[in-house]
Structures are given as C-alpha cells and as structure tokens.
Amino acid sequence: MTLGKWLEVLVNNGVVLRRIMYVFLAGLVIADLLIPSSYDRFPWESWGGFGAAYGFLGCLLLIGIAKALGHWLVYRSEDYYDD
Amino acid sequence: MTDVLHPSLLLFFGAAVVALLRGRLQQAWMLLLPAGVLAMVFSLPLGSAGAMNLFGMELLILRVDTLSMVFATVFAIITLIGALYALHVRDTTQHVAALTYAGAALGVVFAGDLITLYVFWELMVFSSVWLIWCRRNPVSMAAGFRYLIIHALGGVVLLGGIILHFLDVGSVAFDAIASDSAGYYLILIGFMVNAAVPPLHAWLTDAYPEATVTGAIFLSALTTKTAIYTLIRGFPGAELLVGFGLVMALYGVIYAFLANDIRRLLAYHIISQVGYMVTGIGLGTIMALNGTASHAFTHILYKALLFMGAGAVIHMTGRAKMTELGGLYRYMPITFLLYMIGGLSISAFPLTSGFVSKTMILEAAALDQRAIVWLLLALVSVGTFLSTVLKIPWFAFLGQDSGLRPKEAPWNMLLAMGIAAFLCIYIGIFPGWLYSLMPAPVDYNAYTVGHVLWELQLLLFAGVGFFLLLKYVGGKPKISLDTDWLYRWLLPKVALSAERLVDSLWSRMLGGLMRRLTWLVTTLIQHHGPQGILARTWPTGSMVLWVAVMLAASLLVYYL
Numbered sequence: 136m137t138l139g140k141w142l143e144v145l146v147n148n149g150v151v152l153r154r155i156m157y158v159f160l161a162g163l164v165i166a167d168l169l170i171p172s173s174y175d176r177f178p179w180e181s182w183g184g185f186g187a188a189y190g191f192l193g194c195l196l197l198i199g200i201a202k203a204l205g206h207w208l209v210y211r212s213e214d215y216y217d218d
Numbered sequence: 100m101t102d103v104l105h106p107s108l109l110l111f112f113g114a115a116v117v118a119l120l121r122g123r124l125q126q127a128w129m130l131l132l133p134a135g136v137l138a139m140v141f142s143l144p145l146g147s148a149g150a151m152n153l154f155g156m157e158l159l160i161l162r163v164d165t166l167s168m169v170f171a172t173v174f175a176i177i178t179l180i181g182a183l184y185a186l187h188v189r190d191t192t193q194h195v196a197a198l199t200y201a202g203a204a205l206g207v208v209f210a211g212d213l214i215t216l217y218v219f220w221e222l223m224v225f226s227s228v229w230l231i232w233c234r235r236n237p238v239s240m241a242a243g244f245r246y247l248i249i250h251a252l253g254g255v256v257l258l259g260g261i262i263l264h265f266l267d268v269g270s271v272a273f274d275a276i277a278s279d280s281a282g283y284y285l286i287l288i289g290f291m292v293n294a295a296v297p298p299l300h301a302w303l304t305d306a307y308p309e310a311t312v313t314g315a316i317f318l319s320a321l322t323t324k325t326a327i328y329t330l331i332r333g334f335p336g337a338e339l340l341v342g343f344g345l346v347m348a349l350y351g352v353i354y355a356f357l358a359n360d361i362r363r364l365l366a367y368h369i370i371s372q373v374g375y376m377v378t379g380i381g382l383g384t385i386m387a388l389n390g391t392a393s394h395a396f397t398h399i400l401y402k403a404l405l406f407m408g409a410g411a412v413i414h415m416t417g418r419a420k421m422t423e424l425g426g427l428y429r430y431m432p433i434t435f436l437l438y439m440i441g442g443l444s445i446s447a448f449p450l451t452s453g454f455v456s457k458t459m460i461l462e463a464a465a466l467d468q469r470a471i472v473w474l475l476l477a478l479v480s481v482g483t484f485l486s487t488v489l490k491i492p493w494f495a496f497l498g499q500d501s502g503l504r505p506k507e508a509p510w511n512m513l514l515a516m517g518i519a520a521f522l523c524i525y526i527g528i529f530p531g532w533l534y535s536l537m538p539a540p541v542d543y544n545a546y547t548v549g550h551v552l553w554e555l556q557l558l559l560f561a562g563v564g565f566f567l568l569l570k571y572v573g574g575k576p577k578i579s580l581d582t583d584w585l586y587r588w589l590l591p592k593v594a595l596s597a598e599r600l601v602d603s604l605w606s607r608m609l610g611g612l613m614r615r616l617t618w619l620v621t622t623l624i625q626h627h628g629p630q631g632i633l634a635r636t637w638p639t640g641s642m643v644l645w646v647a648v649m650l651a652a653s654l655l656v657y658y659l
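Protein chains in written order, with the working numbering: chain A, 136 to 218; chain B, 100 to 659.
These are computed hints drawn from the structure, not numbers from a lab.
Just so it is clear, CB atoms sit at the ideal spot from N, CA and C, and this is done for glycine as well.
Treat the hints with caution; some may be incorrect.
[What the hints assert, rightly or not] From the structure, some residues in chain A lie toward chain B, with a derived Cβ separation under 10 Å:
| no. | residue |
| --- | --- |
| 1 | V151 |
| 2 | Y189 |
| 3 | L195 |
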C-alpha cells in the first residue's frame, strides 16, 4: 500500500483517532495532576493542568484577537494595492 | 591561521563558475561547491586572519570564534540543502545570486570589524533581491524594488551609525557596542531592519512570498539570522530588545493567522520566531544567549523545511492560497509528512528540534523570574502550533478536496526536505550535538517530565480550541494591511496630492504671468503696432505745416 493510501485510511478513521486523542489528552492532565511539579519559579508551575487550560484559552484568545483585528482594521480586498 | 582561505571567497568564485557551466556539469558543481564550503567551515580553526589597515582603521576580514561558527555551520548546511532543492531549476541568474548571497552571509558572520561587516551586509541585499526578481512577474518586480529600497535605507542608517561609532571610539572592531557610543542607536536600528523587528519588518512579509520557490529557502534562512548574529555580538543584554522581541513574537503570530498565502503565513512566523531570539538577546544571560543561538540554528532548518514544503506545493500546483488548495495529502503524501515535521519543530513539539532550543529561551526567562516574558512566549507557541501544524495542513493538505491532482514533488526537492527533516528530528532526540556547538557550555536539559508535560498540554489543548472554532479559522481571500501600507498606499497618495498641488500652483502662476504678458503685448501693439498711434505714417503736408508753425513761433520769440 502506498503512503497516500495509508494516510487515506487514517483520515477515513478520523473518529477513532479523535477518541484516542481524547484519552491521551485526559491522561496528560491526570498525569500532570498526579506527578508533583519539579519547578517552582512561578506559582503556576505547581498547578496541575495549567498547561492545558493556558493552551486552550490562549488559542481562543489569539484567534479572537486575530479575527477582530482582521475584521475591524486590516482586511482589504486582494486588489487593494493594484489601482 | 594566516594561510586560511575565506569560505566566502570560495563561494564567490564558485558562483562565477556556475555562470559558465550548463546542464549536468552545472548541477554537479551546484552540489560540490556547497559541500566543499561545508567541509571548509567545519575544518576552520578558531582564530583570526586577514588583518589590514585601511585609512587608519584596523580591519579583520576573518574572525572564527565559537559564536561565528554556530551561524557559519548552519549557513553552510542550509546552502547545501537549498542548492539541492534548486537543482532542477534552469536559471543561472538565480543560482549565482543564491550562492553569492550565502557567501555574503558567511562574510558577515566572520567579519571582525564593522566595515567588513557593512560591505558584506550590502552585498547580501544586492544579491538576494535577484531571488525575488527571478520570479519574473510584475508583482515580484515591484516587491523586489520595495525590498531593495528598505534595505538601502537600513544600510544608510547602519553606515551612519558605524561612522559615528568610529569617530567616538576610534575603532571599528565589532564587539559588544557600549550603550554610550554615539552610534549605538543607529547601528541597532540598522541591525533591527534586517532582523525584521516591527515596525521595520514589512519588507519581509511583502517580498518573501513573491520570491521564487527555491530562492525563498535562502531568503528565509540568511538575512534575519545574520541580523540575529550581529545583535548577539553587538547588543547582548540590551533591555529594550526584550520588549521589541515580545511584540515581534506576538505580532508575527497574530498576523500569520490572517494570511491566506501559505508562504506569507510562514513569513509572519519568521518574524514571530525571530522575536523569541530578540527577546533572548535582550535577556542577555548565558542561558538566554545559548538558547538564542541554538534557536537560530534549529529555526533555519525547520523554517527552510516549511518553506520547501510550501514551495513544493506551489511548484506542483501553481497555487499559493489556502482558499484555493485542499486535499493534497493523497497526491503529495511525502511532502505532507515532511512539512509536518517542520511544523512540529517550529511549534517546539517534544522530540523535534524546536523543543530543545525554544524551551531554553523560556527557561532563561524562568531563571530570571520574568513571568510576563515567560507567559507571552508560551502564548506565542500556541499560535505557532495553530497556524503551522493545524491551519496549513488542514486547509491545504487535508480538508476539502480542491480538485487539484498534482504529482509528488521532484526527487531533489524531496531529498532536500528529507535532509532538513532528518536534522530536525536528530537534533530533537540528540540535542547534545547542537549544544556542543554553542558559544558557552550548555547546562540545560529540555527533557524533564515537567517540560514535556507542560508542552504537550499547551499544544494539544490549543488543538482542541482550534477544532472547536474550525468554522471560523479558514483562510479568507483577503490581504491584511501592515506597516508597508505607509509606503505602498499613503506615501504614493501624499506624493500624488503634492504633485497635484504643485501642478495647480504652477499653472495658476503661469496663468497670472500670461495675463500680464498679454496685457503688455496688447498695449505695445496698440502704441507701436502697425495701427499704433506712434507707428502711424504722417502725411508730409502736416509736417511742413508744423515746421512753419515752429518757425513762426521762433520768429515771434526772437522779436519779443
């Protein structure tokens, strides 16, 4: 089977992959809650699952900022500089 | 080390030979030359050579120390990879430009004084612009001219700074520049133009996406990273760079999200990643500078890999916009997988090169107790992952079928990407090799449980957010205004209105002058013209009469 076919099989089983990913994500947070932190430079380094929360909220924040910036300020039509 | 040949000389000479060769011979030489340069750089002993005195200035053409070797090594590696990637291109101008450009970049990192540095700095500009122009369409011609003008201005500022610095200090030696030197800020600005620090960054995202597919690899690797080298050398610990670096990292990652052209998206990520390095230089500790140098090293490899992946797509489909791509993974699976390795590396995913270098800069911030720096840089990692690992792959390679049925990229492109991908993974798994090249001994372990858990949570949960918002994150057929708006829109408009104003004033002045002249001429014609009173021909009779009157008058006066 060629590489392209392999990828196609993976894509077609997206639902299974997604479930595996959910389990992995949950495992990550559980591990972070259980394993005592090895760093204490910042208070949040000892909060279990902070990375997950920061990643998720950071994603929403960045997409929000980008969308707002584009929509209200910087988006122009593609021929803006042509005339 | 007086009998050492400068690697740049070999590249310049080699570039001239490329111009003379054609066909298979040229291709063989295109590979032999960078391979030779790589071997030469590896074998350079530490020390210096080429000292000379020019008008009372002590020049040092070749200074080899651990810092210059970090950059020279990766420049030589990427020149070889870039040449392999461009092997199928039948355009001698591009090959000559790329090799000269690489030689000039090596010249900058080996320059021991500011004059030598400046000469190579300018040569980089004038050789690299051909990699944009060689796309040979009106858009890239115009972008190339803008690129040239901005760099020419940056070069003038740099030269001004160097002159002031020399007059003040009495030396052109290139080491850390004292903050009380007269040329401090001008030299800093000159370097910051090439590092693409906002608001002086727009040349990069304007021009790189318009460059040739193969030329963009050299562009993405060399200009900003020579600037990072000069900043590490000249301005370590300059506090204002922390602020600039953070703005840069965030700016790039947010603008990248707005881009539709895949290479423009990646170009904004150059700005963002160089932002990490600029921040690291500002932090200035040994850990931060090692982190910056190693991040520059890994960045060149993964960024070139990303540009090669995007370039392969453009080469095979002729399209660059996410809104016009999709479903390519079936037809270009190798390109897709290699691109993904670059994407994971730039996002600092564990087991890839970015993880062992980027986290070192964050660690330096943590050791310095800089909470805001640390949090913002972590936030930027989230954005990087979103754009390069999720957005481009989803909308260009996976996602909706665009109907495109391209073939896989040519073997030389795939091999070049494969080498870069191998190095990304190798460095990610065995960071010891990279760390052994660093200017100072590295006392850092990226693979602690804490680091890995943090990074995986950060990135993968960002992915959850992305798929939740999938409906809203696709590319839009729009362009985003950036600071180049000032000279692409505002300045021409101002110039045009100024021209109109001068034009109308001029014509009004001419009109006024004309009316006066017309009046003068009409008056003259009235008096002196053929019908004018003074030009009239008087009859002889009236003359005789007037003479008689005058004679009579004089006779009368005489007798009285």
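Hint check:
no.: 1; hint: V151; verdict: violated (16 Å)
no.: 2; hint: Y189; verdict: holds (6 Å)
no.: 3; hint: L195; verdict: holds (5 Å)
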